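Quick mapping for you: the protein sequence lines, in order, are chains Y and W. Residue numbering for the first sequence follows our numbering, starting at 1 and increasing by one per position. Residue numbering for the second sequence follows our numbering, starting at 1 and increasing by one per position.
No lab work stands behind these hints, which were simulated from the structure alone. Take the hints with a grain of salt, since some may be wrong.
Stated by the list, open to error - Keeping only pairs whose Cα atoms sit at most 25 angstroms apart, straight-line, the calculated SDA-like set for lysine to any residue is: (1) Lys102/W / Pro18/Y; (2) Lys60/W / Glu83/Y; (3) Lys102/W / Asp56/Y; (4) Lys112/W / Asn38/Y; (5) Lys78/Y / Asn101/W; (6) Lys62/Y / Leu108/Y; (7) Lys52/W / Leu96/Y.
Only a predicted model underlies this, so the values are computations on that prediction, with no experimental measurement involved.
Listed below, chain by chain, are the residues.
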Amino acid sequence: EAGVVQSPRYKIIEKKQPVAFWCNPISGHNTLYWYRQNLGQGPELLIRYENEEAVDDSQLPKDRFSAERLKGVDSTLKIQPAELGDSAVYLCASSLENEQFFGPGTRLTVL
Amino acid sequence: GDSVTQMEGPVTLSEEACLTINCTYTATGYPSLFWYVQYPGEGLQLLLKATKADDKGSNKGFEATYRKETTSFHLEKGSVQVSDSAVYFCALSLSFTGGGNKLTFGTGTQLKVEL
């Protein structure tokens with residue numbers, strides 16, 4: 001069974017540019033999560049989806065971050081415009097019940 | 001709010017040494033507790049979990065016991081190997097009605113095992 005797939009694995013952009021990350025969860029997993037992991041820290045939840053509905057986006061900086069999960073499968077997380085402080089690893093995870101499975105992450109560097 | 005505190009690293013051990021990584025938590029309700037491992041260049045992998053007090057999670061020679069009285073979930077292994085070198089994250093989870101849960105992570109502890 002394929003795991004959570006994320007792309008790209010690495011992204012380097014200049015500040016003020018837009019960037020998007022894509023996630024394909026494990027087939028059949030209704031719940032999808034986006035986390036941000038700063039260097040030397042644990043992951044922090046940005047947004048949680050139940051099917052296509054964002055049920056917890058309280059930690060998502062809505063002025064520059066947006067996310068969507070059309071059709072309740074794949075998801076895209078976007079930052080526009082990016083700032084230096086957005087440099088981090090962005091992790092996607094999915095779950096069917098209470099165990100979350102993580103993708104490899106996208107490492108974003110903002111110059 | 002809910003939080004997890006784990007010992008700072010890096011922890012450097014010789015192969016076959018004993019390992020303990022301390023983890024304590026603060027939570028409302030009755031969380032499930034997890035240890036995740038992150039190998040270099042890879043995503044987080046679930047190492048073990050415990051869902052209620054006094055449960056012991058175990059996997060790959062690692063163990064952790066859910067201690068409600070001390071709000072702890074310390075990770076232990078009797079004999080570490082070089083291949084255990086990774087970053088270990090303690091986490092707690094509270095479930096939501098209707099599915100899904102929220103993981104709250106500690107800051108991670110880097111383990112380096114040397115020959």
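Violations among the numbered hints, reported as their numbers in ascending order
Violated: hints 1 and 2.
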